[in-house]
Structures are given as structure tokens and as C-alpha cells.
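Asker: Sequence:
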Amino acid sequence: MNKKYLNLVLISLALIFTGSLAAQDSEEPKAAKKTEAKKAAEKEAPAKKSAPANNAPTKSAPANNNAPAANPAPQKKKTPEEYLQDLNGEDTRAKIVACRELGKAQVEQAIKPLIGILTGSPDKELRWNAAMALGMIKKAGETTQALLTAAKDDKSKTVRYTSLLGLANIQDKNKINEFLDVARWTRDNSNDDLAKDLATLVLKKYKK
2 MNKKYLNLVL ISLALIFTGS LAAQDSEEPK AAKKTEAKKA AEKEAPAKKS APANNAPTKS
62 APANNNAPAA NPAPQKKKTP EEYLQDLNGE DTRAKIVACR ELGKAQVEQA IKPLIGILTG
122 SPDKELRWNA AMALGMIKKA GETTQALLTA AKDDKSKTVR YTSLLGLANI QDKNKINEFL
182 DVARWTRDNS NDDLAKDLAT LVLKKYKK
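By the numbering used here, the letter at position 127 of the sequence shown is numbered 128, and the numbering carries on one by one without gaps.
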């Protein structure tokens, strides 16, 4: 897996780099042509007399009251308690942000509502963000069982992959056999190459 995706990254970088060079090469001749044309025009054009100074007073431009306001100051980061409130709210985007922030902060109070989202939300983006957060919190127990079920039974391949990744991060010793069973099932039955590669790496690590 590493070699395959590394190759993709390297190819992408190469395309970007060669594209930048091509853009530079195309602009340099243009600049040279503009300079030569300017010199030729200066030689051929007759010298112009300087225009008399205009002493008429100039009017200042009226103030534009419709000018865009300055960018607002960045919002202050919320506390874990505020993110927990968002997690139990109705705003889907706020809930997704809360999943990510509570996962990064490893807030264990978020485990129950995150499991509720993983097992009950109809929104697959919410579910995979909940699975990711549970894997980041790394608390074995009921989290492991929820991720085991999602890794095998969820309809979304993204949720299944993220759940398997969460299990690999937690490494619950009391559920290691169930984890390896799910990894084997993923390797043998999944139609998602990324998940199959992850499952193969897990099984190779445990030599199963």
C-alpha cells in the first residue's frame, strides 16, 4: 500500500512541477517580445513636447461607503463542553466539527454520543467522523464493539474503513480475536482496495 500511494503522490508532484516550469517557459518569451517592441516604438516615435501643467484644482474622489468591511476576526475555539453540546445538537456541520475536535482532544465524555452517531445516524459523513473520533480517543471497551460492528456491517465503505482504522489504533487486547476476524473478512470480501490493504497490513503485523 505504501509504495502504491507514494507513487501516486510522486507522480502528482511531478506533474505540478513540470506544469510550473512550462508556465514559466511560456511567459519568458512573451516578456522578451514586449521589451523588444517597446524599444522599437521608442526609436520610431517622434519626441513629444511635454504638455503644459494644468493648474486647475482637482476634485477628491468621494468616499466609497460601500467598500467591503475588513475580514472578521477568527472565532475563538470552543471548549470541550461546548463541542459536547454541538455533538448532541441538530446542526450536522457543527456535529462533524465537534467529532473531530473531541477526538483530537481525546474527550472520553464524548464516547457515548459518538457511539450513538456511529450506530444510529443516517448521515454517512457523520458516521465516519464519529468512527475516526472514537479511534483517536483510544478507549477500549464499548467503543471496540461498536467499531467491530461498523467495520463489517456498515453500508458505507468509508465508515467500514475508518472503523477498521480505529480498531487498529485502539488495539483492544480483550477483543483481539474479533478484530482479526473482521480484518480477515475485510481482506477476503471487501470491494474497497484501501480497506483490503489496511486489513492485509493488520494481519501481517499479527502474522495471521
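Please keep in mind that the hints were generated in silico from the structure rather than gathered at the bench.
Be aware that one or more of the hints could be misleading.
Stated by the list, open to error - Here are the computed lysine-lysine pairs in the DSSO-like style, where the Cα-Cα straight-line distance is at most 27 Å:
no.	residue 1	residue 2
1	K139	K176
2	K113	K158
3	K156	K125
4	K125	K209
5	K113	K205
6	K209	K105
7	K176	K153
8	K139	K125
9	K139	K206
10	K176	K105
11	K158	K176
12	K105	K139
13	K113	K139
14	K79	K156
15	K79	K153
16	K197	K176
17	K79	K139
18	K139	K78
19	K113	K174
20	K153	K125
21	K139	K209
22	K105	K158
23	K176	K206
What the hints assert, rightly or not - Label-pair distances were calculated between CB atoms; the ranges are:
no.	residue 1	residue 2	range
24	K77	D154	34 to 42 Å
25	Q86	K209	21 to 29 Å
26	E82	D124	36 to 44 Å
27	K78	D124	19 to 27 Å
28	K77	E179	39 to 47 Å
29	T150	T80	25 to 33 Å
30	W186	S122	35 to 43 Å
For glycine and all other residues, C-beta sits at the position ideal for the given N, C-alpha and C.
Asker: Determine for every hint whether it applies to the structure shown.
Answerer: Here is what the structure says about each hint:
1. For a cut-off of 27 Å, the pair hint linking K139 to K176 stands: about 14 Å separates their Cα positions.
2. Annotation: proposed proximity of K113 to K158 holds, straight-line Cα distance about 23 Å (limit 27 Å).
3. For the hint pairing K156 with K125, the CA-to-CA distance comes to about 9 Å; that is within 27 Å, so the pair holds.
4. Using a Cα cut-off of 27 Å, the hinted pair K125 and K209 is violated, with the two alpha carbons roughly 31 Å apart.
5. Under the criterion of a C-alpha separation no larger than 27 Å, the hint pairing K113 with K205 is inconsistent with the structure, at around 32 Å.
6. A hinted pair counts as satisfied when its Cα atoms are at most 27 Å apart, and K209 with K105 does not qualify at roughly 31 Å.
7. A C-alpha spacing of about 15 Å is found between K176 and K153, which places the hinted pair at or below 27 Å, so the restraint holds.
8. Annotation: proposed proximity of K139 to K125 holds, straight-line Cα distance about 21 Å (limit 27 Å).
9. In summary, the hint linking K139 to K206 is supported, as the alpha carbons are separated by about 19 Å, within the 27 Å threshold.
10. Proximity of K176 to K105 is assessed by CA-CA distance (about 24 Å); at most 27 Å being required, the pair is judged to hold.
11. Of the pairs offered as hints, the one joining K158 and K176 holds, with about 22 Å between alpha carbons and a cut-off of 27 Å not exceeded.
12. For the proposed pair K105 and K139, the alpha carbon gap of about 11 Å is at most 27 Å, so the pair holds.
13. Restraint check for K113 and K139: the C-alpha separation of about 13 Å stays at or below 27 Å, so the hint holds.
14. Distance hint between K79 and K156 is unfulfilled; the C-alpha atoms sit about 32 Å from each other, more than 27 Å.
15. Pair hint K79 plus K153 does not hold up; C-alpha atoms about 34 Å apart against a cutoff of 27 Å.
16. With a C-alpha separation of about 20 Å, the suggested pair K197 and K176 falls inside the 27 Å cut-off, and the hint holds.
17. For the hint pairing K79 with K139, the CA-to-CA distance comes to about 22 Å; that is within 27 Å, so the pair holds.
18. The straight-line distance between the Cα atoms of K139 and K78 is roughly 23 Å, inside the 27 Å bound, and the hint therefore holds.
19. With a CA separation close to 21 Å, the supplied pair K113 and K174 stays within the 27 Å bound.
20. Note on K153 and K125: the hinted pairing holds, with a Cα-Cα distance of about 15 Å set against a maximum of 27 Å.
21. A distance of roughly 23 Å separates the Cα atoms of K139 and K209; the hinted pair therefore holds under the 27 Å criterion.
22. Our distance criterion of 27 Å between C-alpha atoms is met by K105 and K158, whose separation comes to about 23 Å.
23. Restraint check for K176 and K206: the C-alpha separation of about 16 Å stays at or below 27 Å, so the hint holds.
24. A C-beta distance of roughly 40 Å is found between K77 and D154, which places it inside the suggested range of 34 to 42 Å.
25. At roughly 42 Å, the beta-carbon separation of Q86 and K209 lies outside the given 21 to 29 Å, and the hint is violated.
26. The hinted window of 36 to 44 Å between E82 and D124 is violated, with their beta carbons roughly 24 Å apart.
27. Against the hinted window of 19 to 27 Å, the Cβ-Cβ separation of K78 and D124 comes to about 24 Å, which satisfies the hint.
28. In this structure the hint that K77 and E179 lie 39 to 47 Å apart at CB holds, the actual value being about 42 Å.
29. Between T150 and T80 the C-beta distance comes to about 31 Å, which sits within the given range of 25 to 33 Å.
30. For the pair W186 and S122, the beta carbons lie near 23 Å from each other, so the given range of 35 to 43 Å is not met.
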